[in-house]
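Protein sequence lines correspond, in order, to chains A and B. Numbering of the first sequence is given in the UniProt record's numbering, commencing with residue 1 and proceeding in unit increments. Numbering of the second sequence is given in the UniProt record's numbering, commencing with residue 1 and proceeding in unit increments.
Don't read these hints as lab results, they were simulated from the structure. The structure presented is a predicted model; accordingly, all values stated were derived computationally and were not measured. From the three backbone atoms N, C-alpha and C, an ideal C-beta is built for every residue, glycine too. Hints may be right or wrong, so weigh each one.
Capping the alpha-carbon separation at 30 Å, the derived lysine-lysine pairs in DSSO-like fashion look like this [to be verified]:
| # | chain 1 | residue 1 | chain 2 | residue 2 |
| --- | --- | --- | --- | --- |
| 1 | A | K525 | B | K604 |
| 2 | A | K604 | B | K510 |
| 3 | B | K604 | A | K464 |
| 4 | A | K604 | A | K525 |
| 5 | A | K510 | A | K604 |
| 6 | A | K604 | B | K604 |
| 7 | A | K464 | A | K510 |
| 8 | A | K270 | A | K604 |
| 9 | B | K525 | B | K270 |
| 10 | A | K464 | A | K270 |
| 11 | B | K510 | B | K525 |
| 12 | B | K464 | B | K510 |
| 13 | B | K604 | B | K510 |
| 14 | A | K604 | B | K61 |
| 15 | B | K270 | A | K510 |
| 16 | B | K571 | B | K604 |
| 17 | A | K510 | A | K525 |
| 18 | A | K604 | B | K464 |
| 19 | B | K464 | B | K270 |
Anything over 10 Å on all C-beta distances counts as not near chain B; from chain A, calculated [as the list claims (entries may be wrong)]:
| # | residue |
| --- | --- |
| 20 | G19 |
| 21 | H23 |
| 22 | S62 |
| 23 | A112 |
| 24 | C224 |
| 25 | P246 |
| 26 | A258 |
| 27 | S265 |
| 28 | G314 |
| 29 | T392 |
| 30 | Y496 |
Selected chain B positions facing chain A (in silico; Cβ < 7 Å) [as the list claims (entries may be wrong)]:
| # | residue |
| --- | --- |
| 31 | S144 |
| 32 | A228 |
| 33 | G403 |
| 34 | Q454 |
| 35 | N528 |
| 36 | F531 |
| 37 | Q538 |
| 38 | A559 |
| 39 | R589 |
| 40 | A590 |
There are 2 protein chains.
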Amino acid sequence: MTEQALRLDEAELRGLLDGRWAHVREQARDVLRGELFAPVHGLSVEEHRARTLAQLEALAKSGLPTYGFPESVGGRGDVGASVVGFEMMVNDLSLMVKMGVQWGLFGGAISALGTERHHTEYLPDVMSLELPGCFAMTETGHGSDVQSLRTTATYDPGAEEFVVHTPDESARKDYIGNAARDGRMAVVFAQLNADGEEHGVHALMVPIRDGRGEPMPGVRIGDCGVKAGLNGVDNGRLEFDHVRVPRANLLNRYGDVAPDGTYSSPIESKNRRFFTMLGTLVRGRISVAGGSGTATKAALAIAVRYGDTRRQFGRPGTDGEPEREVRVLDYLAHQRKLLPALARTYALHFAQEELVTRLHDLSLSSEHDDRAQRELESRAAGLKAVATWHATRTIQMCREACGGAGYMAENRIPQLKADSDIFTTFEGDNTVLMQQLTKSLLTNFQDSFGDLDQLGLVRFMAGKVFETVIERTAAIPLIDRLVAAAPGRGEEAGLYNRGWQLELLEDREKHVVEGLAARLRRSGKDGNDAFETFNRAQDHVLTAGRAHMDRVVLEAFVAGIDRCGDTSTAKLLNRLCDLYVMSVVEEDRAWFLEHERLSTNRAKAVTQAVNDLCRGLRPYAVQLVDAFGLRDEWLSAPIALGAEHARQGDPAPGRG
Amino acid sequence: MTEQALRLDEAELRGLLDGRWAHVREQARDVLRGELFAPVHGLSVEEHRARTLAQLEALAKSGLPTYGFPESVGGRGDVGASVVGFEMMVNDLSLMVKMGVQWGLFGGAISALGTERHHTEYLPDVMSLELPGCFAMTETGHGSDVQSLRTTATYDPGAEEFVVHTPDESARKDYIGNAARDGRMAVVFAQLNADGEEHGVHALMVPIRDGRGEPMPGVRIGDCGVKAGLNGVDNGRLEFDHVRVPRANLLNRYGDVAPDGTYSSPIESKNRRFFTMLGTLVRGRISVAGGSGTATKAALAIAVRYGDTRRQFGRPGTDGEPEREVRVLDYLAHQRKLLPALARTYALHFAQEELVTRLHDLSLSSEHDDRAQRELESRAAGLKAVATWHATRTIQMCREACGGAGYMAENRIPQLKADSDIFTTFEGDNTVLMQQLTKSLLTNFQDSFGDLDQLGLVRFMAGKVFETVIERTAAIPLIDRLVAAAPGRGEEAGLYNRGWQLELLEDREKHVVEGLAARLRRSGKDGNDAFETFNRAQDHVLTAGRAHMDRVVLEAFVAGIDRCGDTSTAKLLNRLCDLYVMSVVEEDRAWFLEHERLSTNRAKAVTQAVNDLCRGLRPYAVQLVDAFGLRDEWLSAPIALGAEHARQGDPAPGRG
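Pulled out of the complex, with its shape left as it was, chain A reads as follows (with noise of 0.2 Å):
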């Protein structure tokens, strides 16, 4: 890499992160200001609760959550502008949090499940919070597997009513969000009974307190109480006493009971009516996948601005005069700790850009694509899964990075550690829905998501010569050139050369998923068991979830740096990539020294590769995390808003 000095064009820079959603971004911004909505801590969590409330009936009137609603309701028909005025809320996650609660899911299942009836009666009141709601999916005895929720919702024809029961603790509603304190009505998931046959789970609204704040009659509400974050929200538990509801009030999109108890549906595979209806709740996959990154945007620029300023040892040799001391983002270690970080967080911030913009044009597309949208829940999956890992990780580093000042609440990496941590739980354990992604790309998206379970895989497996199609997911023909002109897989292509990059992680991709199907395809012949075949696979499924979204995001870097209009911006964002890149290698490098893809020695060169990057690309780091434009009020962490730089007699940092 060359060491010369490049020129970032900050506005440019911004520009391109802002993306096709800056007005957006714009929006939130100029929203989440002042006093209302400053970062707190040390708050009691009746005192959090009551100020998120706050702040989210202040949001209801910013016009912020009327984006995600069809216009027939007086919304603006605008998935992906709802998805990123969600990631916005980084102030305070239990504000995003919360606001996802509302708007996202209790909001978005009564659109996407629901019919116009429900739209015209409810939706109004859920934008205005007029009606607070919650989603009651969850279990206490099953989160991840949705389908043996226990709940049962059994229709009664003399009423016209559905009776909602929780038949034992295991069919309590767990962890709800909206339910302790402020949740009005309740989309319930349950087992829907009519005409004396089970037609698997379907949602209902279902009222639980009444306009005093009182439980209704029959409903029990619980109180999660105090979590390791997030503390603004008010989780819950509900339990329902044989609650009557009437007809309506089932959401009767995918599946319908008329006044004599007949069942209809659209779809006729009780199956793939369950994974149809629970698609169309993709959106909160997302929206978790894009908070993640903006919690990981906080800290990195904390820690990164705190990193470039404070100082502890003297350099050898000198007399150790304070001025002489060196920052600490200038060891190398330092650097290790927050700079491929910070690339990684780059790439995951054009993957999610590109995965909001699919999601967005398939909810405008007048046809609907079976293919595409199993695409699109896959990768919502991965996406959602390796961008909250990495918020984990990150996030931890920075903890450390900061030393003693990450530990103080007043310098905020410690609430953003707690309140992101279960964004690797929730929305979809982590490990679940890395498998669901795999038995995806087995599959080459033929199935419906999960349609098939372990047993159905083997069989499938068994029947089929089994060939990964490397399918590029953006800036295809950009890609397609990059790859077609490197020289192949021999050593000499230089590490940075992009096309050999993307042929080499397309290569461990297809490699890992052939050899995956060989082994399911080799056991499920042997007529093993299947849950033996798969289990004692399962590291080697969730490895090719992994090489699959590695690939799909340096995919999607390499379109986001393709689009930037500044070269010299471009070729700054170019040796992030190649940090991206050579991190990412350098942590498999063991995968590809074991399948002969490197040699010993370019396996060495890679974490010398690391090392020079980090290098060349640390006197860029505070203007790399700055362009995220996060507000300073925001980050609010003294130590990276010149309490510091002014200890030191460093200019101090941000931008007002």
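For this one, chain A is given, so just place chain B on it according to the hints.
Leaving out everything else, chain B in the frame of chain A:
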């Protein structure tokens, strides 16, 4: 690995783990009972501080704190017991840390740096908690670099007093435990000036509050406020405005000032004196390593018990009846999250016991052994770093492995995570500690810990023909025998051949350390800037420390198993030890491939071995965590104490 069932002798294993200071562990189990010591959550900061102080007062009456103090003042002169007592305080890590501040750091500094007059005057009140105190070392500007502290203590021969002063914000004492609320006295580390000369950092007794709890004249006390965790500890800031203390308040074991201002010390070199003084404080670091181990054990106990009964998905191909749902710990991915971490926790436990024994024996030895002391300090630095990193990573993983339940405060993991998070920073930043360890390896403990700066070290290396001598650290005859019996570097040995494993880790350490030495030597000869030379090799420096610790920890594990009196239990521990080694090798298998220590096939076999060992050990997982002997009331998590078991119809875990 054979799959045959082994019988685990629970009493034998408990005895083995309890070790030399079993009676202290039993005493702690006996003392830490009932409502006063129960884990709590959701307290305000002030409530938590008050509760922690009340617990500390009860502890003071229990006699536990007297272990670490000299018999001359009513203590028991049992340093090992004091460390083991500290590490048992897992019922609330705030209590653990507050105990460490009062008796370990504050009392320990008076013991180690003071002379008889200080012992007699202060220690009885320190033990009884009549005199709550602070260890005021870290400053806002310098924590890791203690030599650069800026607080001054200037001797005034006219008044026969020291004037303690904080010249600027950078010199403010920061993060000081016991300062914000309870402390009355502080051991203050300051640059000593006497007779117009600087004598380096020394410690003095400085009263900070009067009998009514008001700050003493000239002392300004601040409050660090809310922290990520440990909010039962009142961390604060101290500033001194020309505060005068009598001459006798200098802790004068290593440096004294005569009435006329003449300075004298038994150690001539200022640098060596400084590092000798710091070295006497090594117990604090060893205690933190132990405490992080107990926090890790508690989190694993909760996650393993929960994973042993929690179910989610049905087995494929069955009808999905609840009783056929798979326990999550039966999934390979779940085993991989918890069981290698459990194996490493065992390994670190034995390494900790080994280290405490060394510390203890050295404290009793009549002659001073310089080299043994340096080795102890290096080992303490390394073990503190690897043990606390392991804690952070493992507790995080336990949170994820428990899903939403792991995010609920009632299930304890959130508090364990937040409290232990700072362990990687305090008592020495891990990254700094690992570098100190590696420096000692490079000088083969020939020079004092940290005594050489980077320039000195580069010069030192330049003059040497360097060869690492691997010195075995535990069960030496046994390990000599095992290594001698190993089939050598080839492929012939089974992966579970202990001699081969030992040699593999020894060989890696030797190669990494020698490679580093050669690199520094070359660069030093070329006359490169010492900082740049060191900085460019910083990742190599950290790798060397880690390779050393992996080997030392393995030796301790092997030695521990050798003490096991039951054959079947020992066999099981040997499997666990295999898992420790295989997961260490798996994590760094790129290195073994790059350096042709493993063939690609053998590297793949290592991954398979981890899987096999996980499956083989899974049936014993609950017994293995129960053997830690943590009281159920310390774990306190409903998910680990029967709530989930009752729901699933499984027998309740735990032992009352």
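Please verify that the nearest CB of chain B lies beyond 10 Å from A112 (chain A)'s CB. holds (23 Å)
Classify the hint on G403 (chain B) as holds or violated, based on whether any CB of chain A lies nearer than 7 Å to its CB. holds (5 Å)
Agreement of K604 (chain A) and K604 (chain B) with the hint, judged by alpha carbon distance not exceeding 30 Å: holds (20 Å)
Against chain B, does T392 (chain A) keep a CB gap of more than 10 Å to every residue? violated (7 Å)
30 Å Cα cutoff - pair K604 (chain A), K510 (chain B): holds (18 Å)
Hey, is C224 (chain A) genuinely clear of chain B, shortest beta carbon separation above 10 Å? Its Cβ does come within 10 Å of chain B, the nearest being 6 Å, so this is violated.
The hint names A590 (chain B) as touching chain A; please verify it with the least Cβ-Cβ distance against 7 Å. For A590 (chain B), the interface hint holds, since the closest Cβ of chain A sits about 4 Å away, which is under 7 Å.
Pairwise hint evaluation, K604 (chain B) against K571 (chain B), where the allowed Cα distance is 30 Å at most: holds (25 Å)
Just double-check G19 (chain A) for me: nearest Cβ-Cβ distance to chain B has to come out over 10 Å. G19 (chain A) clear of chain B: closest Cβ-Cβ about 31 Å, beyond 10 Å.
Between the alpha carbons of K270 (chain B) and K510 (chain A), is the straight-line distance 30 Å or under? The given pair, whose Cα atoms are some 62 Å apart, is violated under the 30 Å limit.
P246 (chain A) remote from chain B - nearest C-beta pair above 10 Å: Non-interface label on P246 (chain A) holds, nearest chain B Cβ at 31 Å vs cutoff 10 Å.
Using 7 Å as the Cβ threshold, decide whether R589 (chain B) counts as touching chain A. holds (5 Å)
Checked against the numbered hints given earlier, the structure breaks hints 4, 8, 14, 15, 24, 28, 29, 35, 38 and satisfies all the rest.
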